Amino acid sequence: MSDLLEQLVHGLTLGSLYAMVATGLALMFGVVRLINFAHGEFYMLGGYAFWYAYAELGLPYPVAGLAAVAAMALFGLAYERGVIRTILARTWHVQLIATLATSITLTNLAIIVFGTQPKEVPTRLSAAILDVGGVRMAWQRLLVLVAAVVIFAGLEWFVAHAKLGKAMRAMSQNREACAVVGVDVQQVALATFGISAGLAAAAAALVSPLFNIFPDVGALLTLKAFAAVIVGGFGYVRGAIAAAFLIGIAESLAAGYVSYAYKDAIAFVVMVAVLLVRPQGLFGRRIGI
Amino acid sequence: MRAARWVLGSALLVAFPWIVAAGLPGQQRYILHVLIFTALYGALALSYDLVVGHVGSLSLAHPAFFGLGAYAAALLATEAGWPFVAALPAGVAAAAVVALAVGVPMFRLTEHSFAMGTLGFAIVTQIVATNWVDFTHGPLCVTGIPKPQVGGLRIATLPAFYWLGLATLALVALLYRGLTTFRLGRAFHAVRDNETLAAAASIDPLKYRMLAFVIGGAVAGGVGALYASYVGVLCPGELTVSLSVNLLVMIFLGGVGSLRGVVVGAAAFTALPEVLRMAPTWRMVIYGLLLLIIVIRAPDGLEGLLRRGAALGRRRPSSSGA
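First to last, the protein sequences are chains U and L. In terms of my numbering, the first sequence is numbered consecutively and its last residue is 289. In terms of my numbering, the second sequence is numbered consecutively and its last residue is 611.
By construction, these hints were calculated from the structure, which means they are not laboratory data. Among the hints, a few may not be true.
Claimed, not checked - Take a look, some chain L residues computed to stay more than 10 Å from chain U by CB distance: (1) Leu-297; (2) Val-309; (3) Glu-400; (4) Ile-412; (5) Thr-432; (6) Lys-436; (7) Val-534; (8) Trp-571; (9) Gly-577.
What the hints assert, rightly or not - Output of the computed footprint for chain L on chain U, the stretches with three or more beta carbons under 8 Å from beta carbons of chain L: (10) 79-93; (11) 97-105; (12) 109-115; (13) 219-227; (14) 257-264.
Said to hold, decoys possible - Pairwise CB distance ranges, derived in the manner of DEER restraints: (15) L:Leu-578 x U:Gln-280: 33 to 41 Å; (16) L:Gly-298 x U:Ala-70: 55 to 63 Å; (17) L:Leu-429 x U:Tyr-257: 53 to 61 Å; (18) L:Trp-421 x U:Val-277: 26 to 34 Å.
Since this is a predicted model, take the numbers as computed values, not measurements. Don't be surprised by glycine CBs; every beta carbon is placed ideally from N, CA and C.
Chain U extracted, bound-state conformation (with noise of 0.2 Å):
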């Protein structure tokens, strides 16, 4: 029972990552539409970004966090305008591949940069187990937890009373009539890239004490990521939620009772099994954030 109930907790903690990085995603989607095949890289820069702030140069746990979403919220406004801007007006598959290029470019960079070696950052909080009646975890794992409760409860009041919140919402749903109506639409999609990739780099700063950082774990990432999205209903960010927790658990139980080797596996074929049964995706409903 506590066994399960272990499993239970890694799989919200992976939730957690896979529901930040979804959110970016489906942010971008319903404001830009389109698919950022690079989001996961933005996920493994941030885990640098954290790695180098805490760990080479020694600056406290909640401050390094920080200055990696910074980092990378700046990363991503300047991936805006030299990338995206330049392929927006474009067909997807100049943007699929522009993406796909950016996101191959990085990850052998960071190989070229950083090495081949996981980079482990331990923090006070990854080496210290709570116990809740036999059930053993990390308290990183409870602040995963909280943090993550707290960021999206932000990102829901955000999107639903802040004036860039309400204008990403407007601009998912028409475009056009927000820029008639005098919403600078450039500003708006350049705010959406810089918050997802800052997402990103949040959760990168909350879970590498758990998982250590290396270069390739993007392309898996983005994959889990997107299955989320699509199982949640394209561009909805609430059903990409729900559906990057359901994706996180079945694959934790999957490498528990199952087998390890192939957990990898699974948010794929979750994804296939529910777009076989629910083409729309679990909550799918017209787009819009």
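Given the coordinates of chain U, work out where chain L should sit on it, guided by the hints.
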């Protein structure tokens, strides 16, 4: 004139091993090795372009079909002792059957989702190849894959492999030509350019997409089987996603949807690392940046440049004559 040029060109290609032997005796092995890879990559890129360039489905599953054909043929040859003439068709059939089975759910997805779904399939295939150690030997690789034997002819030397590669490329090019011209080719392009309109003209998009996907997969399986028998060792690393990126660079560098463009792209791509001579990671960085620049700045690739050059060349004499 055109026919004469073709005959001369083909004769030159066939006679190439002797030309190299006479001209650059010390370099023969190396040059032939690069050319064999060029021919195999050319055939693989053509099979990929059938799917991407002609029916417009951005599949990332091609490494999986290449790997399936390679593993099927290699394991049948090493474990069951099948001769090459039986193992090669088995590799093709394995890839085709799996392409058919995977295509049915995948083509329910559109655009990005299709790309991501096929990418997922490719990653799962690699995971299986790495972890199913009892069957595929996993990271220990399949070793000692025998050289092809066709009738009494054993293809073991580099020139023999070169001719085999050249014949494969020619065969695949003919198949590509046949599938993409005529009525079938027009149906492919109708599906690619406007799916709704094609369906309205009773051209079933799914049928033609599946056809291109399965044939492309089958050819990739055949090339995989040949590749395994040439290299002699087959590891799960051959099936990585970066093979899709390589193929995308080739067809976009050369020119999507064009026979000449794709072959030129494959040749340029295979020659590039020999010229650059750098570490594999730097190579992938350069390929990534190259692909990014090409799709943004020159989506027609080299073929577009060639066509524009030819158009310029034609215009000049006609204007002076008028």
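Going down the list of hints, with the structure as the test:
1. Leu-297: For Leu-297 (chain L), whose nearest Cβ neighbour in chain U is about 37 Å away, the distance exceeds 10 Å, so it holds.
2. Val-309: holds, 33 Å
3. Glu-400: violated, 5 Å
4. Ile-412: violated, 6 Å
5. Thr-432: holds, 22 Å
6. Lys-436: The assertion about Lys-436 (chain L) holds, with a minimum of 33 Å to chain U.
7. Val-534: violated, 5 Å
8. Trp-571: violated, 7 Å
9. Gly-577: Violated, because the least Cβ-Cβ distance between Gly-577 (chain L) and chain U comes to about 3 Å, which does not exceed 10 Å.
10. 79-93: Since 6 is at least three, the answer is holds.
11. 97-105: This one holds; 8 residues, not fewer than the three required, reach chain L with a Cβ under 8 Å.
12. 109-115: holds (count 3)
13. 219-227: holds (count 5)
14. 257-264: Our answer is that it holds, as 3 residues pass the Cβ test (under 8 Å) against chain L, meeting three.
15. L:Leu-578 x U:Gln-280: 33 to 41 Å: holds, 37 Å
16. L:Gly-298 x U:Ala-70: 55 to 63 Å: With a Cβ separation near 59 Å, Gly-298 (chain L) and Ala-70 (chain U) satisfy 55 to 63 Å, so the hint holds.
17. L:Leu-429 x U:Tyr-257: 53 to 61 Å: Violated, since Leu-429 (chain L) and Tyr-257 (chain U) (Cβ atoms, about 27 Å apart) do not stay within the stated range.
18. L:Trp-421 x U:Val-277: 26 to 34 Å: holds, 28 Å
Consistency note: the structure conflicts with the earlier hints numbered 3, 4, 7, 8, 9 and 17.
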